[in-house]
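K.L.:
With the hints as a guide, dock the two chains, each given alone in a separate frame, to form the complex.
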Amino acid sequence: EVQLLESGGGLVQPGGSLRLSCTASGFTFSSYAMSWVRQAPGKGLEWVSLISGGGSNKYYADSVKGRFTISRDNSKNTLYLQVNSLRAEDMAIYYCATGKVGTTTHNWFDPWGQGTLVTVSS
Amino acid sequence: DIQMTQSPSSVSASVGDRVTITCRASQSISTWLAWYQQKPGKAPKLLIFAASSLQSGVPSRFSGSGSGTDFTLTISSLQPEDFATYYCQQANSFPLTFGGGTKVEIK
Numbered sequence: 009e010v011q012l013l014e015s016g017g018g019l020v021q022p023g024g025s026l027r028l029s030c031t032a033s034g035f036t037f038s039s040y041a042m043s044w045v046r047q048a049p050g051k052g053l054e055w056v057s058l059i060s061g062g063g064s065n066k067y068y069a070d071s072v073k074g075r076f077t078i079s080r081d082n083s084k085n086t087l088y089l090q091v092n093s094l095r096a097e098d099m100a101i102y103y104c105a106t107g108k109v110g111t112t113t114h115n116w117f118d119p120w121g122q123g124t125l126v127t128v129s130s
Numbered sequence: 064d065i066q067m068t069q070s071p072s073s074v075s076a077s078v079g080d081r082v083t084i085t086c087r088a089s090q091s092i093s094t095w096l097a098w099y100q101q102k103p104g105k106a107p108k109l110l111i112f113a114a115s116s117l118q119s120g121v122p123s124r125f126s127g128s129g130s131g132t133d134f135t136l137t138i139s140s141l142q143p144e145d146f147a148t149y150y151c152q153q154a155n156s157f158p159l160t161f162g163g164g165t166k167v168e169i170k
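Protein chains in written order, with the numbering used here: chain A, 9 to 130; chain B, 64 to 170.
No lab work stands behind these hints, which were simulated from the structure alone. Computed from a prediction, not measured in an experiment: that's the story for all the values here. Every residue, glycine too, gets a C-beta built ideally from N, C-alpha and C.
Simulated DEER-style distance windows between Cβ atoms:
| hint | chain 1 | residue 1 | chain 2 | residue 2 | range |
| --- | --- | --- | --- | --- | --- |
| 1 | A | S39 | B | T83 | 34 to 40 Å |
| 2 | B | P143 | A | S38 | 38 to 44 Å |
| 3 | B | P143 | A | L19 | 33 to 39 Å |
| 4 | A | G16 | B | S77 | 38 to 44 Å |
| 5 | A | N82 | B | S156 | 22 to 28 Å |
Bound conformation, chain B alone (with noise of 0.2 Å):
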């Protein structure tokens, strides 16, 4: 199975902050990773798939990159809006797996 790491688990971040998380594969997935973020008692949505493509009606702020086994979601300008939990899933073979999670907290 492709374990996915994510880091860091949470981060306390202000209001326009720029805000970079992390995840890692434990083999390479080529680009078939995607985004989801998640706020409480709600389902998650998805923001990036195909590692660098933004899912319609998503923000401009939010950007992905990264091919292999590194990957990185930015928010570029941090809204009040984008406090939540953030996902990433691999997308390149069965057990599809999803990284722990980032927790992005007000400062």
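Bound-form chain A, shown alone (with noise of 0.2 Å):
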């Protein structure tokens, strides 16, 4: 069966930052480029960050680009995310989210992780 299995979550202070971590298991993780994906509170989806399955192609969006760093470990089964110099609007769920096998183009998500909360607040 696979799962992935967030954590590292937490409250931290506007300018914080926190590493949050993504462990799979039931598939060739390595093979599979990986995605994280924010949900703030009520509001909708937003793709945040993207990595090849080696981990040499990354992808940001322009919201969290120069602050937050998308890495892997394969040979740990994890994905991770630093997220540094936290804002409010950086308040949500991270999910974690399995993309395509061998690309890091036309990428869909499925399955996803069941995600960790981040709360911002001084």
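P.N.:
Structure (structure tokens):
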């Protein structure tokens, strides 16, 4: 069974940092592009970042470029999102999601993890 | 960036009704479009990819159509478990973008 389990969310002050993790099981993790998608409370979905299976190609939404860094450790079947310089508008549930095999182009996502909540407040 | 506009933002319908949701892209995206269903407190679930391909395990009452800039998700006979919010997503180019969502509510 394919499973994605996020962790690392929590309460952080504006300007603070967190590292989110997503541990995968049940599939050949290194073959798949992976993404982070977030959802602010009561709002819609916003794509944040995507990384290729090997980790060499990375893409970001303009709203997080320069502040967030996506990475992966295929030996640990784990996806990461380092989130720095957090702002109130970054407060959201952060989902990891599985993209396509072997390509970063034309990605849609299935399955998704259950999400981890990042709260930004002083 | 490609903007995705969904309509309506909400719809009230009864069990057994046919429901149609539309998604319009600000520029042509060929058939690089996906549809998701999200229930309260849950992660999104992929329903349709490549505009009209049904994801494995998704009931056949869900269907998608369209190409270019205009797309449609249709639920042919609404079931109680279908009350949820639906999102479209363009996969044509980065940044990937989602529509604002359509909430399907019980009439």
